[in-house]
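> Going down the list, the protein sequences come from chains A and B.
With the numbering used here, you'll find the first sequence wraps up at 760, consecutive numbering, no jumps.
With the numbering used here, you'll find the second sequence wraps up at 760, consecutive numbering, no jumps.
For the record, the hints were derived by calculation from the structure and aren't laboratory data.
Worth double-checking, as some hints may not be accurate.
The list treats identical chains as one, so a pair stands whether inside a single copy or across any two.
EDC-like mimics (lysine to aspartate or glutamate), calculated; alpha carbons at most 20 Å apart, straight line [stated by the list, open to error]:
| id | residue 1 | residue 2 |
| --- | --- | --- |
| 1 | Lys294 | Asp482 |
| 2 | Lys268 | Glu310 |
| 3 | Lys294 | Asp489 |
| 4 | Lys580 | Glu478 |
| 5 | Lys294 | Glu473 |
| 6 | Lys268 | Asp302 |
| 7 | Lys477 | Glu708 |
| 8 | Lys371 | Glu360 |
| 9 | Lys572 | Glu708 |
| 10 | Lys268 | Glu298 |
| 11 | Lys295 | Asp482 |
| 12 | Lys695 | Glu740 |
| 13 | Lys295 | Glu473 |
| 14 | Lys294 | Glu484 |
| 15 | Lys755 | Glu449 |
| 16 | Lys719 | Glu624 |
| 17 | Lys580 | Asp378 |
2 protein chains.
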Amino acid sequence: MSTSATSLREAFKQYVHTMKSYEEAVGVLYYDLRTQAPKKAGEGRSDVLGLLSTELFKMQISDTIGDMLNQLSEPEIHKQLDSIELKLIEELKKDYERSKKIPTELYQEYVTLTSKAESVWEDAKEQSDFAMFQPYLEKIVQFNRKFVELWGYEGHPYNTLLDMYEPGLNVDTLDRVFGEIRAKAVPLVSAIAESPHQPDEAFLNRPFDKQKQREFSEYILKEMGFDFEAGRMDESAHPFATGLNLGDVRITTRFVPNDITFSLFSSIHEGGHALYEQNISPDLAGTLLCTGTTMAIHESQSRYWENKVGRSFAFWKRYFIDLQKLFPETLEGVSVEQFYRAMNVSRPSLIRIEADELTYNLHIMIRYELEKALIGGDLAVADLPAAWNDKYKEYLGVVPGNDGEGVLQDVHWAGGSFGYFPSYSLGNMYAAQFMHTMKKEMPDYENIIEAGELQKLKAWLTDKVYRHGKMKTPSELVMDITGEELNPKYLTDYLEQKYKEIYRL
Amino acid sequence: MSTSATSLREAFKQYVHTMKSYEEAVGVLYYDLRTQAPKKAGEGRSDVLGLLSTELFKMQISDTIGDMLNQLSEPEIHKQLDSIELKLIEELKKDYERSKKIPTELYQEYVTLTSKAESVWEDAKEQSDFAMFQPYLEKIVQFNRKFVELWGYEGHPYNTLLDMYEPGLNVDTLDRVFGEIRAKAVPLVSAIAESPHQPDEAFLNRPFDKQKQREFSEYILKEMGFDFEAGRMDESAHPFATGLNLGDVRITTRFVPNDITFSLFSSIHEGGHALYEQNISPDLAGTLLCTGTTMAIHESQSRYWENKVGRSFAFWKRYFIDLQKLFPETLEGVSVEQFYRAMNVSRPSLIRIEADELTYNLHIMIRYELEKALIGGDLAVADLPAAWNDKYKEYLGVVPGNDGEGVLQDVHWAGGSFGYFPSYSLGNMYAAQFMHTMKKEMPDYENIIEAGELQKLKAWLTDKVYRHGKMKTPSELVMDITGEELNPKYLTDYLEQKYKEIYRL
Chain A
256 MSTSATSLRE AFKQYVHTMK SYEEAVGVLY YDLRTQAPKK AGEGRSDVLG
306 LLSTELFKMQ ISDTIGDMLN QLSEPEIHKQ LDSIELKLIE ELKKDYERSK
356 KIPTELYQEY VTLTSKAESV WEDAKEQSDF AMFQPYLEKI VQFNRKFVEL
406 WGYEGHPYNT LLDMYEPGLN VDTLDRVFGE IRAKAVPLVS AIAESPHQPD
456 EAFLNRPFDK QKQREFSEYI LKEMGFDFEA GRMDESAHPF ATGLNLGDVR
506 ITTRFVPNDI TFSLFSSIHE GGHALYEQNI SPDLAGTLLC TGTTMAIHES
556 QSRYWENKVG RSFAFWKRYF IDLQKLFPET LEGVSVEQFY RAMNVSRPSL
606 IRIEADELTY NLHIMIRYEL EKALIGGDLA VADLPAAWND KYKEYLGVVP
656 GNDGEGVLQD VHWAGGSFGY FPSYSLGNMY AAQFMHTMKK EMPDYENIIE
706 AGELQKLKAW LTDKVYRHGK MKTPSELVMD ITGEELNPKY LTDYLEQKYK
756 EIYRL
Chain B
256 MSTSATSLRE AFKQYVHTMK SYEEAVGVLY YDLRTQAPKK AGEGRSDVLG
306 LLSTELFKMQ ISDTIGDMLN QLSEPEIHKQ LDSIELKLIE ELKKDYERSK
356 KIPTELYQEY VTLTSKAESV WEDAKEQSDF AMFQPYLEKI VQFNRKFVEL
406 WGYEGHPYNT LLDMYEPGLN VDTLDRVFGE IRAKAVPLVS AIAESPHQPD
456 EAFLNRPFDK QKQREFSEYI LKEMGFDFEA GRMDESAHPF ATGLNLGDVR
506 ITTRFVPNDI TFSLFSSIHE GGHALYEQNI SPDLAGTLLC TGTTMAIHES
556 QSRYWENKVG RSFAFWKRYF IDLQKLFPET LEGVSVEQFY RAMNVSRPSL
606 IRIEADELTY NLHIMIRYEL EKALIGGDLA VADLPAAWND KYKEYLGVVP
656 GNDGEGVLQD VHWAGGSFGY FPSYSLGNMY AAQFMHTMKK EMPDYENIIE
706 AGELQKLKAW LTDKVYRHGK MKTPSELVMD ITGEELNPKY LTDYLEQKYK
756 EIYRL
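Sequences and hints are given; from them, build the entire structure.
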């Protein structure tokens, strides 16, 4: 290899490592801010976060990286590169080219707009006042339509936004898979509502000591294989997970005094994200590929562990006895069947983040259809609240009493995140599809869970998903693991079987 | 004011704010690493810390700052600047010019050397093997002698190093003040050793519940006026304080199961540092002047609160009852007099960080004399262990059994910090001198402490010391507050009076 190629590759490696270091610094500062920092720290800290994020962004679009990417693409050099370098170049080129197409002033204006919009949204939500937020959302939608024009698109303009979160995904695919889910889920939701066999869940609202809740969450995380020497668990208002580096992956949860389910399922959910980040191949350490491949695949892992494992009967056959030991009085006289059914109550509701495994997908579908229409120019922002309420009535049979618990409930649009929502449901679909293959490859799958050998599940997922980090796209992963493309049938089959059994339909 | 002056001043302000932001980021990352980060986080994290520290250093010596400082010094512009800008320029010029005199390669070599030396020192200390560390220390001393040559010096070469930590300080002053302290302290130490009135301290080694220790530390910190909405307290192996921004000043402590004194006096000591950092004038926020003026003045505050307040009889007359309420069994039958005397045992020892208020200064004096001789070329590194042991014998009457508990006990020299040690004793002197004025200006000083009105002390110190941040030099502060220059008499008088009373001499 020529010296210039060697030194170019070395410089590129360094450059990427510096970007990753800025990312890690931002991660630590955010984590600190949300879990540790005293009340008055915030104002000063946001400047620091702004500085570091800006440095990182500048590195993404600098002439230095532009030149490097050009040079690395020259055939003589390109053919010498290894697979990690090639993938990094692919990813960085995408960011670079996308950013270059947006005039800097336009982008700055947009950043200022969304930052302002988020704080207006907060007030608007509290006051249930859509009119207050409307002019901001109108501008945000206009900006996004403009960006799509500058970036270019194939088929529907919304495809370009989808592709940012889930490469290769488009509205044709989403319309099809959501259509299949809707066809199965809507009648299932109605049947459940009419079933006389509603689970008893009153005992869930008894007092659960916070320290013991923490103990149980930590116990289950250890059972899953979460490495507490390479991570930690803290408390924050909104639970989240963050992979700072391979040896430091953190999650948060929140302990609600009269509710064991919130902390427990938050911990398992975030624990699923964390297992992914802790088990990426060390080859990728210090590169931008050392993270989950997309939001949707990440969600497939958090949702697999939370719902497919943590809300399964096999899981509670093993772990209910331990929970009962911790809370002997609170759970006195509750059987494992009762507990399992209470963990799986399904009921149409207004708020996405409180929705159960089944109705959740309908909440997402509504958002998908609405944002597709907004970006496509088929729906005016002024008509959004009415459209929202109509869809809730149609899919879930409930209507928000006000916009605060309706169209204003999520921060995503205020932040300009269009194309993000579908990831949540895609996560559910991927999780079900992966589980289907898992069961074929591990014929004693249920027994494994019932025996508490959760680390066998982790080992399988590490081999198939985790270790690859960002080296494989979602479609490569799903094809390599399951031998077919994304197929919503596995999710609908799973949901039908589970809920028909619980509600005796 | 002309536009170009305005925009220059604005650019300067921004530049300084960015430096301060890097400093804050490094502070948060260090704090996290020492109190929160899981075991395996370290390797990845040290790269991030390296990046941010390097960025900060680059900003200190960049051509950009050099040009800015030049332009700001032009008479037309200079005369328009406010006092904060003038002080910032003075400080930054000092750093800039000092850094510019050292060739970059030489400095890089030195950074690598000290980083390696610190890890060699750690092993050498553990194995009590000075020979292992000797070649590193020889190089470090050579480097420092070389640096002093490049920077230039007046009188003794060590003066230049002293000036870095305590501007204006020189060996003439230090020789004089340490001489006065030695003359009083050495005979006092002997007299104490021979006194038949040794305090009973056996009860201090009874069990003290960790959670209650924390409670008491937090209680005393609140009494002192530590603002928990603008700070927090955590645990770490070695207690420290860090001012991240005006709204976020944190301290750490360590809870020792059979010892109430360690956590309590660590908390008060670090709390003294924290009061300083929390009470700087908001005018200085976001600038490099928003911190304590020097290490020695900082130590004067930690040591004032720890020793002059926390180890005073008046303090325990007020707070012993509260401590006893928390530990009724452990402190059963112990009187406030007994407790006070036990808090103030003085005994010659080998280890600086375990030394009492009186003998501490002798530990520092030994280090001062030795490093002055090393830098002056009057002592070879090879002869250092013998010189160390001789001085311990002479001043404290004790001789280390090995170099691990002797010359290898402190990390400072491995890190290249020559000129730093005197700050600790200067802190004691400033504290005593400030307290003398305080008592004159607050005639009911003892009653204030006995009544638990500690916040009156904080208010006085805020007005005289804290609010000024780095706007005043130590000599300006001591002159403005006490009307005279640094005078060790206040420390020796205080120590004599206190210990003669305790040991009935």
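> Quick check: which numbered hints come out false for this structure?
The structure conflicts with hints 16, 17, although it agrees with all the remaining ones.
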